[in-house]
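Chemist: Read off the chains here:
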Amino acid sequence: MSSIPLNWYLIVAALLFCIGLFGALSRRSAIGILMGIELMLNAVNINLVAFWRYVEVDGLAGQMFAIVVITVAAAEAAVALALVRALYRSRDTVTVEEIDLLKW
Amino acid sequence: MREYAVLGAFLLVGIVLPAAVVIGGWLLGPKRANPVKNSTYECGLETVGETWIQFKVQYYVYALIFVIFDIEVVYLYPWAVAYNRLGLFALVEALIFAGILVAGLFYAWRKGALAWF
Amino acid sequence: MTLEQGIFILASLLMLGSALAMVTARSMFVAALWMIGTFAGVAVLFILLNAGFLGIVQILIYIGAIAVLILFAIMLTPDVMGLKPGPRYTGQWPLAAVMASTLAAVIVLLLVRAGNDWHIADAAPNVTDFAVQLGEAFMTTYLLPFEVASGVLLVALIGALVIVRDE
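Chains as they are written, first to last, in the numbering used here: chain L, 28 to 131; chain G, 929 to 1045; chain X, 8 to 174.
This is chain L alone, in the form it adopts within the complex (with noise of 0.2 Å):
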């Protein structure tokens, strides 16, 4: 068994999600938005193991599940960054207020 208890995972995992979340929800630069969602998908990775070494230790869902997760994450980081640098070529801005063709 290990000193740490489930609960302490969890805990730290919930809180830098919503961290994250804080990122993804307020920042102006579309940069940052996928920054502040990388740490979310980081979050749900620790959740995913720490579950797996805790509750299923027979199976290998747990660890599956965060190396898909990890590849999406990377392929999701590099198709946005060249929709941010797309952006940047056309409208010389990454500011998320002003990226604004779908509003009326």
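Bear in mind the hints are in silico, worked out from the structure with no lab data behind them. Treat the numbers as computed from the prediction; the structure is a model and nothing was measured. C-beta: ideal position from N, C-alpha, C; glycine also. Honestly, I wouldn't trust all of these hints.
Going by beta-carbon spacing under 8 Å, a handful of chain G positions derived as facing chain L [stated by the list, open to error]: (1) V985; (2) L992; (3) I999.
Here are the simulated distance ranges between beta carbons [as the list claims (entries may be wrong)]: (4) X/G158 <-> L/A113: 20 to 30 Å; (5) X/L10 <-> G/G942: 11 to 21 Å; (6) G/K1039 <-> X/Q12: 46 to 56 Å; (7) G/E974 <-> L/S30: 52 to 62 Å; (8) L/G86 <-> G/L956: 53 to 63 Å; (9) G/K959 <-> X/L110: 46 to 56 Å; (10) G/G942 <-> X/I127: 34 to 44 Å; (11) X/L116 <-> G/G953: 43 to 53 Å; (12) L/E124 <-> G/A947: 35 to 45 Å; (13) X/D129 <-> L/R118: 50 to 60 Å; (14) G/R930 <-> X/R33: 38 to 48 Å; (15) G/L955 <-> X/L23: 23 to 33 Å; (16) G/L956 <-> L/L129: 51 to 61 Å.
Here chain X is said to cover these stretches of chain L; the calculated rule only asks that three of the stretch's residues, wherever they fall, bring their Cβ under 8 Å from a Cβ of chain X [what the hints assert, rightly or not]: (17) 36-42; (18) 46-59; (19) 63-72; (20) 79-93; (21) 101-115.
Use these hints to put chains G and X onto chain L, whose structure you have.
Modeler: Just chains G and X now, kept in the frame of chain L:
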């Protein structure tokens, strides 16, 4: 967990040693600033233009291709470690996996994304 | 307090402190550097959870690749480097702060009330030769995710290249 003690010791030395050098230099060194001393050091040449310059998009393209193949390592490493226990089927699967990504590399190459201009 | 608990608390403080510094940093470049500290803290947590492979993957992918990608993207857009002075947050940031802290309070309260009421397994996972187990799992139960991952990566590579290319 014990095998990570060595890693932790390395980490500690890696943090303490550079910090000691920087802080020691800051404490012991004389501080007599003048405009020439405060200017940006660039191999002895005078600096031209601003520090924050626009980087070329090629840097991003290279990093992008690196990220994709970095993740390929994560999937192929467990396969390579378990290779002896797996049969021909696993080899074929891994070849399909690598083949799909090599197709992406081929696309990048044909589109000139690998060229440095 | 055991050594493990000490390392956990230290890593968590590093992680949450860097995360807070990240979302409050004025320059996006500085924020990205703080983000690396957060990723390192998460890697330590993975290692404490007996998931050494994932800890190394975290360092390899997040710090070695994604953080570098984000730093390059920031350097490509002088806008966010801090050249144009302007507010960090949108006008709705107080609302975002209230929402995030409310959510944090609710989750933490629920977790504290739940206490240790989980079905915790008695044994620690068997993590000798873990990469081998993972490799065998990839070739049997998790074969589809393994192959789909290459498809996802291929689409991401081609899509990002098409979007980012200078005409």
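Chemist: All hints are to be evaluated individually against the structure, with a verdict given for each.
Modeler: Hint check results:
no., hint, in the structure
1, V985, "7 Å, holds"
2, L992, "5 Å, holds"
3, I999, "5 Å, holds"
4, X/G158 <-> L/A113: 20 to 30 Å, "23 Å, holds"
5, X/L10 <-> G/G942: 11 to 21 Å, "20 Å, holds"
6, G/K1039 <-> X/Q12: 46 to 56 Å, "52 Å, holds"
7, G/E974 <-> L/S30: 52 to 62 Å, "59 Å, holds"
8, L/G86 <-> G/L956: 53 to 63 Å, "57 Å, holds"
9, G/K959 <-> X/L110: 46 to 56 Å, "48 Å, holds"
10, G/G942 <-> X/I127: 34 to 44 Å, "35 Å, holds"
11, X/L116 <-> G/G953: 43 to 53 Å, "49 Å, holds"
12, L/E124 <-> G/A947: 35 to 45 Å, "41 Å, holds"
13, X/D129 <-> L/R118: 50 to 60 Å, "58 Å, holds"
14, G/R930 <-> X/R33: 38 to 48 Å, "42 Å, holds"
15, G/L955 <-> X/L23: 23 to 33 Å, "31 Å, holds"
16, G/L956 <-> L/L129: 51 to 61 Å, "60 Å, holds"
17, 36-42, "holds (count 6)"
18, 46-59, "holds (count 12)"
19, 63-72, "holds (count 5)"
20, 79-93, "holds (count 11)"
21, 101-115, "holds (count 13)"
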